[in-house]
Every structure is written in structure tokens, then in C-alpha cells.
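Residue numbers (numbering that gives the first Met the number 0), protein chains in the order written: chain E, 0 to 288; chain H, 0 to 773; chain L, 0 to 158.
There may be inaccurate statements among the hints.
[What the hints assert, rightly or not] Label pairs and their computed distance ranges (CB to CB):
| # | chain 1 | residue 1 | chain 2 | residue 2 | range |
| --- | --- | --- | --- | --- | --- |
| 1 | L | T1 | E | R42 | 17 to 25 angstroms |
| 2 | H | L691 | E | R187 | 13 to 21 angstroms |
| 3 | L | T1 | H | I683 | 41 to 49 angstroms |
| 4 | L | K154 | E | L80 | 18 to 26 angstroms |
| 5 | E | D57 | H | A100 | 21 to 29 angstroms |
| 6 | E | R187 | H | K89 | 43 to 51 angstroms |
| 7 | H | H23 | E | P146 | 54 to 62 angstroms |
| 8 | E | E256 | H | R270 | 32 to 40 angstroms |
Simulated from the structure, these hints should not be mistaken for laboratory data.
Quick caveat: nothing in here was measured; it's all calculated off a predicted structure.
Even glycine gets a Cβ: it sits at the ideal position worked out from N, Cα and C.
Take a look at the letters that make up each chain.
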Amino acid sequence: MKAPPFQYHRPQTREELSALLSSLENAKILAGGQSLMPMMNLRVLAPEHLIDINRISDLAGIRETADGIEIGAMTRQADVLSSDIVKARIPLLIRALEHVGHIQTRARGTIGGSCCHLDPSAEQPAMCAALDAELIVTGPEGRRIVPISEWFEGLLQSALGEQEFLEAIRIKPWAKGHGYGFAEYARRHGDFAVAGGAAMIKAGNDGRITRAALLSFGVEASPRRLSDAEVALIGQPIDKLDIEPVVTEARALDAMEDVHVTAGYRRHLAGVLIRRALHEACTTLERQP
Amino acid sequence: MSGRLFGAAITRVEDARLLTGTGHYVDDIELPGMLHAAFVRANFAHGRIRSIDKGDALAMPGVVAIYTMDDFADIAQGPMPAMAPHPLLKTPITYHPLSDAEVRHVGEAIAIVLADNRANAEDAAAAVMLDVEYLPAVSDVVLARVANSPTTHSQYASNIAATMKAGFGDCSKVFAKADHVLTEHFDIHRGGCHAMECRGVVANIDLLTDALTISTSSQSPYMVRRHLAAYLKRDENGIRVMTPDVGGGFGPKANVYAEEFAVALAAIKIRRPVKWIEDRQEHFVATTQQRGQIWSLDVAFDNDGRMRAISGHCIHDNGAYAPYGLILPATAIASFPGPYALEALDLTVDVVLTNLVPTSPVRGACRPNVAFLLERLADRIARHLGIDRQDVRQRSFVKADQMPYTTGMKARDGSPISYDSGDYVGALNLVLEKIGASDFETRRKEAKRRGKLRGLGIASCVEDTGLGPFEGASIRVTPAGRVIVATGASSQGQGHRTAFAQIAADALGVELDDVTVETADTAKFPLGISTIASRIAVTAGSSVQLAADKVRAKAITFASHQLEVDEQDLELEAGAVHVKGIPDMKIKLSEIAGALAGSTGVPLPGNMEPDLAATAYFNSNALTFAYGANACEVEIDPETGDIRVVRYVVVHDCGKLINPLIVDGQIRGGVVHGIGNALFERMIYDEQGQPLTTTYGDYLLPMASEMPPIEIHHMETPSPRNPIGVKGAGEGGTIPAAACVISAVEDALGPNGPFISAHPISPQQVVQWLEVAR
Amino acid sequence: MTDQSVTFTLNGQQREAAADPRMHLGDFLRHSLGLTGTHIGCEHGVCGACTVIVDGSPVRSCLMLAVQIDGGTVETVESLGKPGDLSPLQKAFSANHGLQCGFCTPGMLMTLEAFLRTTPAPTEEDVRVAISGNICRCTGYQGIVQAALDTASAKANRT
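Isolated chain E (complex conformation):
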């Protein structure tokens, strides 16, 4: 289980990285390595070139900008988890990150790496989808902003071009006091989820929902927003929610099956978990006086 041979590159700047991406064939970017390294040790992947971006210091870090909170692609999961800005402004992401891997993998694993690898059960890209994040991508043509809705192109497949790299993830936080909820089911703590759900809601003074985001992940090949149910929630009083359309939409997803679980069980869990997430969102919602 030793990785196959490769040429190792360690750019210090974005410019060097861009140059390498433009000139090298069959190259892989090494971010935190918590998915790539196992795949190489298992010889599932054998890139000719490995481009280690851990030394490009300005790819990491969390900052507030006029357009939202920018989380650098190389920001470690442990650093996102302990970030005061994220705790205060994007609490849903914190809830989700508590379920990501283990103390050792969060110390290395990066939010950008997870968003580029796109495991269907990965919490971070899923939360980006729930939060309508934007991905800031740099390529030979310069910088472009990809809305998360255009990021997922299939199983383990993102919209990132071969010569592009992910710079940062930009999230516009919801207003203070919004409700957020997260639920997933994994066999063991830190395992990839069998399925999961996230919910965010905002309510007006009358206690009726004015904005909702609902998402199931780990069910289909990519995280899926439950758009019909989001619409159906608008205007509903949060203390008398009709939750059935939400559960129904989640249970109607085109669920994956694998050697461990059936599509039917995944659909069932999708329904259970989105309901739990929504309940939690109702309890974290700060009611306006």
C-alpha cells in the first residue's frame, strides 16, 4: 500500500500554481490529503504530478468581505470549526463539521478539498449547497465565480476545470437569529453519513416563515435542495408546520444504493433526517419580539 511514483511540486504562490496547472498533464492538487492520500496508497489513483498547495499561505483563512464570508480553500476543517466568525455567522456549518471525520482528519482536511472531491456524503459541499455558497475559482482565463448550484456535475465531479483551482468559498450569512438544523445518520461517529439533512429558516414578526432552505445529502450522487418544499414552507406558522411536503419530497429522491444499504432505506432516512433538521431549525430560530 505504497503510493505509486509521481513528480512532486510545491508552489509557493497562486501564480506558480496556475503555471503548473497550465503546463502539467495528469496532475492532481494535494490539499489536506485526507481523501487523495488514501486513494493513492490504495493505488486507485496514480497521477504523474502531485501539486502540493499547502504552502500557498493566502489560500487559507477566513475573512469577512462586503460580499460575504470568504473561507479560503486551504482552510483546515479544525480551523473552520474553531472560527469565531463562522460560529457567530454560519452556525449550520459548525453543526455539520462536528460530524466530519475525526480529530486527526480535521486537523489536515480542508473545506476546499472536500468541495472539490465531492463525496456524495460529504457535509461541507452539502452545507455550501444549503447556504447558496459561491465558489471562487481561478484559471488561465482569470477568476470566475461559480454558484454552488452549478458546481455539482455528478458523482465525484465538480465544475472545476483541469487548469483551474479553487481559491475560496464565499457564503452570505443569513441574518442573525435564523433557525438552523442539521441531522445525519452514520454507523459510527465520524463515518461518512448514510444520509443527512439540513434546514435553515427565517420567520417574520408574525411567526410565519419568510425564507427556507432545505437540503438532503448522501442520498443522491450530489446534495439536493428540496425546492418545492422550501416554497411550501413560506408563510407557514413555525409552531404549526405542515411538515409532510418536506418529508415527501425527501422520500421521493432518486436515492443511491450500495453494498451496505438499499435505495429504499436511504429514502426513508432522507425523510427522517430532513424532519429532524427542520425541527432543530425551529428550536434554534430566535423569535422576533
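Given the coordinates of chain E, assemble chains H and L onto it according to the supplied hints.
Relative to the frame of chain E, chains H and L by itself:
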């Protein structure tokens, strides 16, 4: 037995090294000129190799040699010797060190690559080209048994390697008279081993003497030496096999493996040291696995729940080879009738070959299977009759006043098997009291308010321990006063050095620090069997006591000559023999050892045999029977199906405890292994025999975050069958655990829930069961 | 591939060595530098046996390349106490029989060493979650969990 140290919960002498990174495992060995091996392994389950093309691979960086079986023809050839020949196995079904052309499971070793480092060896292994004629693979054990099934080995007409039968009494008569008869079918799924240290071998040939030295992560170093000597036609004296620190065994490391032979052959051929360290991918396809079985059982019982007779048939998934003969299926038979006093028993076990990784004992061998069967039947009877589960057991168990109890089964030599001592009903009552069974319904209701289904499970077991024939030990006191204990029993983390030092130090009146224990080096002790089957405390532990008794007697004899005092007036204490009542009239052990080591021209007193040393073997001719009663509580999330074991209580009796700290550790680790079997660990193959769960992302081992604290209570009924009164403890945690957890899950699912007859069970199944029950 | 030079701080001492870029940190420590206390259990980032502390955080050394450690700081099990002078955590492991075969032990120790630095007063659940990425096949985990709890409370009592 008990003394200053015997019976004390002292911390282990092994710990300081292992805690500071100064342990010495096989992968820590570095030798000058050492080559690193990687194997070319089959990625198909059944096929015949037409040709092997090493050309490109041989030219790759760092590659020194690539060998196939043909390349060893000048050294040795043919299949490996059978480790445990059995009369029912007409021809041994063993591996060749490297495949002899027909490959019978994914992972079988075909060629060995030697290179300057492991990474380069792996690169080359991937570049060796095979031309293969694929043959139909047999993956499902039930289909494998059908008459027209393709065969696992093309030269055999059938996949049934052997049919084993055992029993006693007249089942048809008891079934005809019993109030009730039920038939149930059981499916116990295959799992893996997963010692945290994979296997590994370093072989080295001495260029001057041609002596072969093997360091191997093994439970059976003496078997490796014996079989390698036979295979290589070398004298045993020319082969030294050592086990350094071994990172867990759990059964599979008791086999003599093809890789051990292939690495030795490669070292002989290339005349350089060769190291092979199994990686985790290899472990999933080349280390033996555990106990997949399909059972059909009829049970006869009376209106009061008393179990009277069992008749059963088993389809045993053997895998592709039988390196350990029929040991594994034999343990299924040997585990009946458990704690139950039956009038009749009739068992048939079909040992069926499949194109899967071979099976051999893993912690408990097939004893956990049988505990599962018997305990499930007891619960089933209770449910059928509408009575308490414990009533079935209390009415059916062998009673304490029946001890020693002759079960009706026969040992391999034809002698009747008898349980030596124990109180099975007492153990069950104690565990029910300790878990608080009487107020369990309160906890069930409280859980219900939280939306959880809580269940109480119980399971008992009897475990044959101290399997023969023997282990041995030698003890030598050096002129410096150190006590050196050497034994053939190998260690894989059980704390043998501590336990044996406790026994020896007590017997010789010395301190623990005065004792050094050396285990499983064929150059230091001549014979050993294996560290398996909860046998080492009984066999090797007793031999240490016997050897120490001899040394003690010799010291007293010497002192008697020297002090001119009768032997009965002397005693050994605090490292010296002194005259009773006159502590100052003494001779130190070191002085005796020095005198008996001899001085030029000076005769030994009383013409005594030189050396303050002795060797003893303990022949374990009659098994000792440990037993236990477990109870646990689970909580189920009815929406996700998640099962959480929230409490676990063990009552265990393994006779006298040498070191309670170590025994408790054995039990706790064993219970967690059993919980893994019940809820997590499932080795899955597809219809073509391809393994589908070969990473720790897919094969789930129990982790700290899901495991409960485990509470232990000991009963200490000394065994009359060995000098130290002990019974084995290595597997008593595992044996009833899966049965206990499944019993609790079934209880949680309620009276409309299913009868659970398989494991591991999954949350998905729980959800399905609850839908049906609704 | 040509070896690359790596300079880093290992257990408080500056070290310089060459590494094949494809060699992972665990193999580098064990086979290039002879620090065999770190063990390799699965090489796909699940078992935790190879855990070492890099720049203050516990990481899986099988999932980091040796060349990545250039300029960094590594702490291994060899940095804790020595036989006869065990660290409080090591002593607690022994007292609670938190190890049997010893193979997972260095990874457990380094995980908990890092964890207890940032979480001085953990609950039992906290400890179990902290080591949820470390497999032990021998102990059933209980002794390990208790060792961590005892170490934390002893330290709290001292200060």
C-alpha cells in the same frame, strides 16, 4: 493458589516498553542487505495460470528478483504440510507457498517480488503479467454444497470437504416424547480478524552456517519451525523461529502461512535477508477469516421450558483451503451442549469449500456461533411458551450439584467430556441482579418517553479451555540471582510475561523485578504448541508453576546439604532458603545458583545435578470449563434503526485469577469483539468471489464512540484439573456477546418483532422489521 | 523519483534527511529515521495507529508525505516519557490496563496527548469521540478512556 503476587491486580511488566515506543515488532527489524518483498496476488477468485511474464517487472527500478513456485524447485516443492491432519480430510487441502497454477481465491499469492524497498516491490508486482484461464468461482456456501455446483478445486468432484457428525442419546425418542418441537434456521455471517498489526515475516540465512532464522508475527512459532523443517527437509536445529512483540493475534496468526514459507524460500534462494510486511489490503484477502455458518436446528422441549434435545445441520463456509484442517468446524461441535443438560444431541456439519479466503479460528472459533444458536433457541422457547427467558435457562442448565458433569460428548481420544466445576444458574442469577433486571421495565418506559426502544438481553456460555496437549517452561536462576523463565507459549498482548512472573516469583520467594520471562523463541525453549483456544494460563501457567516447584525443591535440597538441616526444616522466602524459625541461618538463591553452576575441580554437594534450573511440561489431558453469564441493554432509534449498546454486564468464572487486571482486559476486549460481530463487522463477497468490503470504510470495526463501559463480576471456582486452579479467559468475553446483544435487540423490538436468527444485523434491517411489526 | 531534502524539528531536535516524495511521513519516521514507535496499521487513514503530532495537531502520518513536513514540527511517542520515567498519561495507561498488544498504543497516546492539551477537563463522551478515529482490537477501549480521564483529573487537582 494464591500468594503475594498470584491473584494481585498488578500493572504489567510489558507496559513500559510498549508505552514508550520501544517495543520491538517484526516491521521494526532492519538487517544489512535486507530486501523487501511484495506479492503478486490473484485479483480473480478461480482460475488456472497459463503463464507468468516477469519481463517488464524485472527491469523496474530497485527490483532484484521475482520468483514463482517453479523457481523454488531446487529447494522444495509441493503443497505445504497439514497443520492439523484429520482422518476425515482424506487429502490435506493446503496452499503451496506460491500458487501451483490453479488459484482458488482472490488474494492468493502467485509470485514474490524482491526489491530494495517496498514501494518499488509493489510497483513491480503490479507490472507482472498473468495469462489466466478463468474458472467458475464458488462464492455462496449453500449453492456450493449442491451436487452440480462448480467446484472450488477443479480436481475435486464436490465442494464438501468433510462431513462431521457427533452427538449422544437417541434424538428420535426424545423428540417423540417431548411436549414441543421447533425448527429454526440461522445465518452467521463471515467476518475478518483485524489484529492492528498485520502479519509480517523476516527471514535470514546465515551465509556461513546456512542456518535459517525467521522472525514472524505468529501465534505458533514452533509450528512454523516444524512444518518448515519438514518442507525444506532441514533439521529443526537449523531453523530458529522467533516471535518479537506481536500486535494482536486473535486466532488467524496461529496458522502457518504460505507467505512464511515463500519468504523463507526467497531468502534461501537469494541468500539475503528478506522482509515482508502484510499491508491492510492484503490482510483483507490473505489472512484467514471467521466462522460463516448456516444452521438448521430442531429443538425438543417440555411445557416448563426445559430443553431436552437438539438435532442440527450446519453448512460451514470453509473458504478455499483448510490450512488448519478441521479445527474450526470441530469447535462448533465441541461447543455443544453448552450449559444445557440435554438428553440427546445429533449434529452434522458439512464442511464446504468456497473460492473465498480460508477460515480458521478467530477469537472463540465457532464457540460464539454455538452460544448464539443455543441462546437464541432458549429465547425462542420462552417466547413460544410465553414464559421468562431465564426460566428456560434455569430449568435447562446443568446444576452446580451435578458437577463434575458428563455431557455425553466425546473428546478426540474417545474419552467422555465432563465439565469440571461451575454454577451456571448462579452466574445467571448474579448477572440479572447486577444489571437490575427486576426494574428493567422502568428503564424501558423511560426510554420510550425519549422515543427509544430499550431491550434487555441475556446470554450464557460454557467454554472449553486449556486445550492439550501441553505447553512447557524452563526456569533457571543465574548466579546473579535473576530468575529466567523461558516458555514456548507465544504472546500477542495477553500479558504472559507479567502473569508468568507472578507465578514464578511467588513460587521462588523473589520479587517480580527479579524475574525475566522469555516467550516463544525456538532457540530458548525447545517445544511449544500455539497460543490459541484460551489455553495458555492453564498449560503454560501450570508448567511455570511445576518448573518453579522443581527449582524450589532443588534449592532446598542444596541448602539441606550445605546447612546440614533436614529438608522439611527449611523454607524458601525473600530470595533465600532459611531454617524455619531461624531467618539468619540462610543461603541466598544466587549463592545456590552460583554453587550449582560449578567451580573447577569442586564436586557438587550430594552429587546433585548441576544448575539451579528445571524444565516442566504440563500435559492438559482434561479440558477445564470456564463459563459466563452476560446481560446487556440496548436502545434503538426506531426511525433510523440505530442500535446502541448502553449497558453491558459480565459475570465470568475462569477459576483462580492470576491477575484480575489482565483478565478484565481480556474480557472487555472480547465483549467488544462480539459486539462488532453482532452489529458491525460483515465481510461481503459478490457472486464471483470478489471481496467488496476491503477497507476500514466498508468493513466496520467497533470504535470507542459506540462501545459501552463493561462491568465485570468474577466468580472464582477453582479448576481441580491443574496445579494452579485456573481456567482460560481469552475468549470468554467474545463467546456470548453477539448472542447477548441480539437477545437485547429482539427484546427491544417487542412481542410483534421478529425472531432474530442472523448476525450481524443492520439498522436498515431494524427499520424493515419495525415496518413489518407495525 | 529523486529524493528531496527535508529539514524539520523532531521531538525538539532539528533533523535533516532525504525522502522519496512518495514516502509517507509514517514510513519516513520509522524506516528513514529509525523511530519505530510510530506504527502503521491501515495506510488508508482510518485506524489511527500512525497518529503523530504535527505543528501541534494530531495527524495521521500515513496521509502526509514526508516532504510536506519540511520546516515543520513533529512529535512522536518517543517524545513522551521513558521507561522508568513515564509521562502521566503513559502511567495512567498502565494503571488502567489501557494497552495489551501495544500496537495501537502510540497512536492512542499521541491523539490523547494532543486532545488533552486543548481539552483539559473532558467528559467520558468527549474522550470516546476524541479517539473515535483510533482502532484498538484488544482492550475494548475502556482502560484507554479511563486513563485519559484520570490524567485530566490528576492534572486539574495539581493545578
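Each hint, compared with the structure:
Between T1 of chain L and R42 of chain E, the C-beta spacing of about 22 angstroms keeps the proposed range 17 to 25 angstroms intact. For the hinted restraint 13 to 21 angstroms between L691 of chain H and R187 of chain E, the CB-CB distance of approximately 19 angstroms keeps it satisfied. Between T1 of chain L and I683 of chain H the C-beta distance comes to about 42 angstroms, which sits within the given range of 41 to 49 angstroms. Look at K154 of chain L against L80 of chain E: about 24 angstroms separates their beta carbons, and that is inside 18 to 26 angstroms.
Taking the beta carbon of each, D57 of chain E and A100 of chain H are about 60 angstroms apart, not inside 21 to 29 angstroms as hinted. Here the CB-CB span from R187 of chain E to K89 of chain H is close to 45 angstroms, well matched to the stated 43 to 51 angstroms. Between H23 of chain H and P146 of chain E the CB atoms are about 57 angstroms apart, so this pair conforms to the stated range of 54 to 62 angstroms. At about 54 angstroms, the CB distance of E256 of chain E to R270 of chain H disagrees with the hint of 32 to 40 angstroms.
When each numbered hint is compared with the structure, violations occur for hints 5 and 8.
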